[in-house]
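Student: Sequence:
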Amino acid sequence: MLNKSFDEINEDDIVDLIKNKEPERRIIEYKIELPTEKPDSKKEFLADVSSFSNASGGHLIYGMKEKEGIPVEIVGIAESNLDKQIQRLENLLRDNIEPRLQGVLIKAIPLSSGSNVIFLRIPRSWSKPHVVRYEKHWRFYSRHSAGKYPLDVGEIRSAFVEAAGLPERIRSFRDMRLGSIVAEELPIPLLPGSRVILHLIPFISFEQAINFPLNDIANNPRALTPIYSITTGQRYNFDGYLTYGGIVGNEAHGYVQIFRNGIIEAIDAGLLMVKGDGRRIPINIFENRLIDAVEKYLHAQKKMTVPAPISLMLTLVGIRGYYLGVREELDPDFDTSRVIDKDTLLLPEVIIWDYEIDLRQMLHPIFDAVWNAAGWPCSMNYNGE
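Under the working numbering, the first residue of the sequence shown is numbered 2, with each subsequent residue one higher.
Hints listed in this document are in silico derivations from the structure and should not be mistaken for laboratory results.
Computed list of lysine-lysine pairs in BS3-like fashion (alpha-carbon distance at most 27 Å, straight line):
hint, residue 1, residue 2
1, K68, K22
2, K108, K44
3, K39, K108
4, K66, K32
5, K108, K20
6, K32, K22
Construct the complete structure from the given sequences, taking the supplied hints into account.
Tutor: Here it is as structure tokens:
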């Protein structure tokens, strides 16, 4: 149950916890009743949730009776307005834990008895450590096999150091890959010229030695179609699995490399290789193809059970002197003097905290930066959004 999709968890899964005598441990805890309005009860709830997010994530289940950590009975929550109770819990978390938690999911699971169980899924946080600040209470918590505990000064310091190092490790990986790409150290030769380079880097890839199964990708290579070509070849390689397409001679228009740790690298050498003077970026096609590609790659990562958050990084290489090919009503004189004055654009990083996102809006600041680089105030494809 703990690995099932949140939306799919139902009464049968709760019953299985009883049947299997699933004990309380680092990632699961049972409570017989919801937090009350008493200050101590609220502090207990905040400490429980923050301890999960400061550790490896986990689940809180309200409406379960336990004995010595073993669930023995589903008593349920007899509450007439569950939506109001869930809103109350969400407000408590929002107002009393800093920095604000991302991705905590809460729902009521209906029972055949007519009552409900309240189920919380708390993800491991990547902006930890989180502190509980309620009235005069100010404390950090984490978890071990016996439950939650307050962090001491040394543990708090270590948590801050660990959190600060993760963004740097992610950017270092991207920079290392860019160095290899510029040096043409590629899994398959690409057409010469400019490059569109996309990285989707899960945070978890840098936290532990982890290998995700690649079988589904190998059996369905269309799941990793290159950005601007169809898949014409695929194979396992040392780093994981590779798909490529648009072969001209022995060179490809693009490829997608998925690493065993869940990272995806997609490079395209054809999207910016256009007709005319060879310096015109077909910006509408560029934006639409990237939205489609990111959507497809995120779907592949989700199917591989790669957890969010995921850092999305887009880089354009070899584009000094390029300009944007825009709609005629935006540029009736076909002005080609507004050109990009940098050879490489390291575009703003976007963090995807959850797979259920409005991807078009998520990519808006990246596209704005491309238009800015070419002398425009923002992407004109968002109609002032």
